[in-house]
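Each chain, written out:
Protein chains: 2
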Amino acid sequence: MDKITTSIITIGDELLIGQTIDTNSAWIAQQLNAIGIWVHRRVAIGDIKEDIMEAMAKEAAVSDIVLITGGLGPTADDITKPTLCEYFNTHLVQNEVALKNVLHIFESRGLPLLQRNIDQSMVPEACTVIDNMRGTAPGMWFEKEGKIYVSMPGVPHEMQGMMENYVLPQLAQHFRTPSVVHQTLVTSGMGESFVAERLVAFETKLPAHIKLAYLPSYSLLKLRLTAFGDDKLTTAAELSILFHEMKEILLDITVTDQDIVISDVVGRLLLEKGKTMGTAESCTGGYISSAITAIPGSSAYFKGSAVTYANEMKMKLLGVKKETLEAHGAVSEATVREMLAGALKLLEVDYAIAVSGIMGPDGGTPEKPVGTVWIAVGDATKAVTVKYQLRYDRERNIQMTAVYAMNELRKLILE
Amino acid sequence: MDKITTSIITIGDELLIGQTIDTNSAWIAQQLNAIGIWVHRRVAIGDIKEDIMEAMAKEAAVSDIVLITGGLGPTADDITKPTLCEYFNTHLVQNEVALKNVLHIFESRGLPLLQRNIDQSMVPEACTVIDNMRGTAPGMWFEKEGKIYVSMPGVPHEMQGMMENYVLPQLAQHFRTPSVVHQTLVTSGMGESFVAERLVAFETKLPAHIKLAYLPSYSLLKLRLTAFGDDKLTTAAELSILFHEMKEILLDITVTDQDIVISDVVGRLLLEKGKTMGTAESCTGGYISSAITAIPGSSAYFKGSAVTYANEMKMKLLGVKKETLEAHGAVSEATVREMLAGALKLLEVDYAIAVSGIMGPDGGTPEKPVGTVWIAVGDATKAVTVKYQLRYDRERNIQMTAVYAMNELRKLILE
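Protein sequences appear in the order of chains V and X.
All residue numbers for the first sequence refer to the UniProt record's numbering, where the first residue is 1 and numbers rise by one.
All residue numbers for the second sequence refer to the UniProt record's numbering, where the first residue is 1 and numbers rise by one.
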């Protein structure tokens with residue numbers, strides 16, 4: 001069983017100065033992984049000819065496939081395409097299909113065409129052109145000395161279209177790839193080292209072709225088992241037995257045995273029970289609501305939210321009492337209890353989440369420092385409140401609060 | 001002026017299978033850039049000894065600094081630390097400070113200590129230990145043959161603490177770095193190639209040490225000028241003149257001349273004018289509200305949102321008429337107009353945004369396909385409505401809608 005290996009090269013100064021976060025590599029890795037191809041190196045370099053040439057040669061020396069993203073586009077073509085020509089010892093020619101595509105896009109958008117847009121349809125003669133259904137820059141497929149090179153634009157949805165329509169099917173056909181199977185268990189409420197302690201005996205007996213990875217994700221912990229094998233069904237069956245064994249060991253702390261986010265876990269529970277939910281958010285400002293509705297089909301169980309950032313809105317929309325705010329403050333157990341009751345009534349839902357806290361960097365006091373947050377979850381008959389003292393920056397405090405709150409709701413629904 | 005160069009090596013299978021998006025590299029690059037150090041390569045590899053050894057040697061051959069993140073932690077130590085020992089020809093010893101830190105963390109959290117936690121305080125003898133104020137895994141600083149190597153945990157806030165408290169000050173002291181100055185202009189309403197066409201003469205005359213980058217970001221376009229020089233003040237002055245020249249050329253399409261997100265642009269405008277805002281969101285599910293409140297201090301101008309995912313909530317909270325929904329549907333100009341009016345009244349704000357659309361993947365009809373979205377922005381006296389037909393996936397459709405809506409509000413406020 002030979003492992004088919006890929007290097008991903010991303011071209012663009014914006015990645016090296018930190019202006020852009022590279023989401024393409026993760027997406028590509030997931031897709032390749034699903035067809036049994038392993039990404040073993042990812043390299044990011046700038047728009048510099050020598051660096052591109054060197055990276056291509058180095059990565060081709062250690063990988064079967066070199067996937068290149070970025071460095072294309074109407075203002076970036078000047079470096080990447082001539083470099084590809086030099087590397088593959090070829091020259092630029094006009095591609096009819098790519099030109100038609102450029103013309104069509106500009107016509108349908110009613111935009112005048114510029115020379116630099118027409119130039120986008122120039123491609124190295126040695127390549128097979130990959131159509132871009134979502135933009136003007138064509139993709140390019142090269143083969144040289146038994147290695148495959150693919151150059152694609154860095155715009156995520158353009159690259160994804162090319163991968164799905166052309167690159168992935170071609171690669172699957174070209175290589176006889178091993179089967180890779182994953183199963184993921186998500187746990188909460190126990191630290192990585194304690195979980196590892198529980199799994200010592202289990203891990204020891206894992207065969208060499210099955211690996212366990214610990215992936216902490218906010219307040220949750222993902223445990224991913226990966227198996228490699230020649231036959232997909234046999235490999236999946238073997239993995240399944242071990243996965244269930246691991247699940248038994250961690251049953252009391254299991255959130256889900258699927259690789260899904262917590263908002264999806266909560267949503268599936270609500271769907272299953274035919275119940276609805278909503279949120280009353282102060283410090284998270286709609287982040288929880290936005291996470292719940294990021295899941296397709298969430299309209300079946302999610303009715304709405306009252307984002308009450310100002311105290312007057314907490315009173316007006318949710319019926320929080322003025323006396324409560326004055327006696328306990330907006331960040332208090334009493335306030336989130338009233339927000340919860342208000343949300344259940346206002347949004348006419350079975351379950352609600354209410355949160356109020358101080359996410360920073362400012363706004364803390366000695367009694368209620370930055371990071372103080374109160375969460376309430378409940379339904380018509382019961383309510384649970386919890387307080388956290390978070391220690392991160394504003395963005396992460398908000399994300400952590402959302403995960404904690406959704407996990408509390410999950411537990412309450414299961415009670 | 002010698003460029004000080006860094007390679008970033010990230011260790012961890014989770015990056016190679018796409019389970020985790022690498023946000024550390026972007027953050028590190030930004031910080032290094034600010035002190036004049038250039039990241040010219042980023043490499044991601046798995047938890048494999050040979051790959052780590054090889055990557056360290058290769059990167060040290062082309063860079064002055066090798067920053068390594070990941071591969072540390074109570075369940076991951078087994079590979080990275082012994083590899084570091086082999087590479088630097090040293091062995092593990094107990095570090096007193098790191099041990100005290102581990103003991104302190106476990107005591108303060110009331111958790112029992114495990115042997116694998118104690119082992120986290122073992123470090124290669126050849127390194128200088130970097131204290132971890134936010135977790136149990138210590139960082140490590142090595143020097144070998146004139147090159148600097150730093151190994152840090154992959155947990156973002158732990159790594160960031162080490163960088164800020166130790167690594168960045170040490171690197172700034174160690175190298176005499178060139179000055180790097182950036183200025184960024186954000187534009188809207190004109191495609192990359194048309195902007196480039198306007199800037200042809202300007203770009204042609206840019207000196208070699210000043211670079212212009214085009215960075216499309218959702219519906220906006222960022223134009224970043226970067227200057228390198230020996231003296232910070234002279235470099236900044238030279239850049240400033242060119243930046244203002246560029247701004248003059250693009251004045252009619254300029255969103256902001258600062259490198260800030262659109263929610264921050266809107267927030268600063270509101271602050272300046274002493275006005276307030278709120279949102280009424282259907283398809284974005286609180287995403288716009290969450291983007292606005294992600295900005296520290298947003299409570300000064302943001303009062304709240306009604307996330308009305310269900311039609312009954314559009315009626316109940318925002319006063320959308322039943323007849324309007326029946327005659328035109330939830331995704332219509334008439335509905336967003338009524339949502340806007342309802343939000344202004346309910347939230348008692350000066351300005352509001354209202355959105356309703358079909359974000360996909362399901363829910364489209366022949367008349368209103370997936371991606372149809374109506375946006376309304378306005379105040380007590382005027383309202384502007386726009387319709388978009390988006391062509392992306394659910395996540396991106398939501399993000400695009402949010403940027404479009406906030407940009408429409410920005411234009412309305414400036415009218």
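Calculated directly from the structure, the hints in this document are not laboratory data.
Source: prediction; values computed, not measured.
Where hints are given, some of them may not hold.
Said to hold, decoys possible - Below, simulated DMTMM-like cross-link-like pairs (lysine to aspartate or glutamate); rule was C-alpha separation at most 20 Å, straight line: (1) K3(X) - E50(V); (2) K247(X) - D231(X); (3) K144(V) - D252(V); (4) K3(X) - D51(V); (5) K382(X) - D362(X); (6) K273(X) - E348(X); (7) K58(X) - E348(V); (8) K275(V) - E408(V); (9) K345(V) - E333(V); (10) K345(V) - E54(X); (11) K3(V) - E54(X); (12) K58(X) - E333(V); (13) K321(X) - E50(V); (14) K232(X) - E248(X); (15) K211(X) - E348(V); (16) K411(V) - D252(V); (17) K316(X) - E312(V); (18) K211(V) - D78(X); (19) K100(V) - D131(V); (20) K205(X) - E248(X); (21) K3(X) - D47(V); (22) K275(X) - E312(V); (23) K273(V) - D131(V); (24) K3(X) - D64(X); (25) K211(X) - D131(V); (26) K147(X) - D64(X); (27) K3(X) - E54(V); (28) K273(V) - D350(V); (29) K275(V) - E312(X); (30) K387(V) - E408(V); (31) K316(V) - E333(X); (32) K58(V) - E54(X); (33) K211(X) - D230(X); (34) K205(V) - D78(X); (35) K211(X) - E192(X); (36) K147(V) - E86(V); (37) K58(X) - E50(V).
As the list claims (entries may be wrong) - Now the stretches of chain X that chain V is said to cover, found in silico as 3 or more residues with beta-carbon under 8 Å: (38) 34-41; (39) 69-75; (40) 139-150.
A virtual CB, placed ideally from N, CA and C, is assigned to each residue, including glycine.
K3(X) paired with D64(X) [C-alpha distance capped at 20 Å]: holds (9 Å)
Pair hint outcome, K58(V) versus E54(X) [Cα-Cα no greater than 20 Å]: holds (12 Å)
Pair hint outcome, K144(V) versus D252(V) [Cα-Cα no greater than 20 Å]: violated (54 Å)
Given coverage of the region 34-41 of chain X by chain V, tested with a Cβ cutoff of 8 Å and a minimum of 3 residues: Answer holds; 4 residues pass the 8 Å Cβ test.
Given hint D131(V) paired with K211(X) - CA-CA distance at most 20 Å: violated (31 Å)
Agreement of K58(X) and E50(V) with the hint, judged by alpha carbon distance not exceeding 20 Å: The given pair, whose Cα atoms are some 16 Å apart, holds under the 20 Å limit.
Satisfaction of hint between D362(X) and K382(X), Cα-Cα up to 20 Å: violated (34 Å)
Pairwise hint evaluation, E408(V) against K275(V), where the allowed Cα distance is 20 Å at most: Answer holds: K275(V) to E408(V) is near 16 Å, not above 20 Å.
Pair hint K321(X) and E50(V), alpha-carbon separation not exceeding 20 Å: violated (64 Å)
Holds or violated: K273(V) to D131(V), with C-alpha atoms at most 20 Å apart: Violated. K273(V) to D131(V) sits at ~45 Å, over the 20 Å cutoff.
Annotated coverage of the region 139-150 of chain X by chain V, confirmed only when three residues or more have a Cβ within 8 Å: violated (count 0)
Pair hint K345(V) and E333(V), alpha-carbon separation not exceeding 20 Å: The hint holds at about 19 Å.
Of the numbered hints given earlier, the model fails hints 2, 3, 5, 7, 10, 12, 13, 14, 15, 23, 25, 31 and 40; all others are met.
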